[in-house]
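J.: Quick mapping for you: the protein sequence lines, in order, are chains A and B.
Numbering-wise, the working numbering puts 171 at position 171 of the first sequence, and it's gapless, one number per residue.
Numbering-wise, the working numbering puts 192 at position 192 of the second sequence, and it's gapless, one number per residue.
Note that these hints are calculated values from the structure, not bench results.
Careful: at least some of the hints might be erroneous.
If you want the footprint, here are the derived chain A segments under chain B, 3+ residues with CB under 8 Å [to be verified]:
id, region
1, 6 to 15
2, 44 to 54
3, 83 to 95
4, 108 to 119
5, 141 to 155
Think of the CB as a built atom: it goes at the ideal place given N, C-alpha and C, for glycine as much as any other residue.
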Amino acid sequence: MHWLDGALPFFAHFLLWSLLSVGGAIGLLPDMHRYLVAEHHWINDAQFTSALALGQASPGPNMILFAALLGWQIFGLPGALLAVVGLILPSSLITVAYFRYSRIHRERRWVRAMHDGMAPVTVGLLLSSGWLLARHEAADWQRIGLIAATVAVALRTRLNPLWLLLAGALVGALGWI
Amino acid sequence: MPSSPTPIPQAAKIQRHSAAQAPRNIGELFWVFNHLTLLGVGGVLPFAQRILVEDKRWLRTDEFVEMLSLGQVLPGPNLINLALMVGQHFFGWRGAVVALSGMLAAPLVLIFVVALAYSGFAHTPLVAHALQGMSAVVAGLVIAMAVKLFPAIQARRSNWLWAALAFCGVGILRIDLLWVLLVLGPLAVGLTWWRLRRS
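In isolation and in its complexed conformation, chain A is listed as follows (with noise of 0.2 Å):
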């Protein structure tokens, strides 16, 4: 089994990322951009967007999706596997002890702290993460303009975001961008 090789290494950094993952799951693009494309080119650039452009059109926790693709393209199904139990677990063990102990002792000093010190920093980090996406898209005015409409729409109206994925498949399918 050749992908045991790479599968071990593959199956920690899920682990790790999973405990990193404060503040949802999508502030970890760019680090798993950097360690499965930059670093091991396991996929390519295409590959990576394509994966969490699929997990954005599949119905589910996106994230969750993304991770079982790029686990599917890397090593096959034990791959998505690996990938979604890897995401899953160690964030999942924590969740379940924290939340027993917080409901008992909601007014902790510390509770509140890790509360309100935390926002600004996950606010930080998934604004990079939009960022260094949308770097990497904009290769012509064009899409440029298709990601700026995308931001005005989302903020300025309760559109389901699947409307603006259609919109950006059809004005893509025409070759408009």
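Starting from the known structure of chain A, arrange chain B on it as the hints suggest.
T.: For chain B alone, kept in the frame of chain A given last:
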């Protein structure tokens, strides 16, 4: 980027329910999460709020908001953490496992159908171009989501500094996420702890 982001809507507007209801049994927990996850193309969270708080009334709005902020502070995908906490709230750790399974089972089967269909057509120019368009939209959606969270941190001016440091560290300087978190996390939480102690 628009200068006046819309505040995070939904939760604040909804009136509190006096009496929260509970799932009839652990099976209903599974099917309700299965239902809301399948509605959530591009984002499950709005559907989670509508179904758990407004339709089923399993959670009051303030309980939902509390679980969301906990899910944000703790490691792990927010939605996964939300499912775990809702399940745990009603049925302990068994509920956590069941709610999580309900949220993941169907989407994980579906994504491979989608991906297999895609791999069959990936090299036709039409599909490749469509995916390019979708990728650009995804980049915009992620930026918009981050901007929508600005109201949650704008109460203190120092928060913008933390957000800017995190953004520059990963987005501009391309430093590993691990190092950015290890440095900024304890600093931000520690200073907040110190401020709370003084007040």
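J.: All hints are to be evaluated individually against the structure, with a verdict given for each.
T.: These are the hints, each one checked on the structure:
1. Counting residues of the region 6 to 15 of chain A whose CB lies closer than 8 Å to any CB of chain B gives 0, so the stated coverage by that chain is violated, three being the minimum.
2. A count of 5 residues in the region 44 to 54 of chain A with a Cβ less than 8 Å from any Cβ of chain B is obtained; the coverage claim is therefore met, three being the minimum.
3. With 8 residues having a beta carbon nearer than 8 Å to a beta carbon of chain B, the region 83 to 95 of chain A meets the requirement of three or more and the stated coverage holds.
4. Requiring three or more residues with a Cβ within less than 8 Å of a Cβ of chain B, the coverage given for the region 108 to 119 of chain A holds, as 10 such residues are present.
5. Figure legend: the region 141 to 155 of chain A, annotated as covered by chain B; annotation consistent (10 residues with Cβ-Cβ distances under 8 Å, at least 3 required).
In summary, the one numbered hint that this structure violates is 1.
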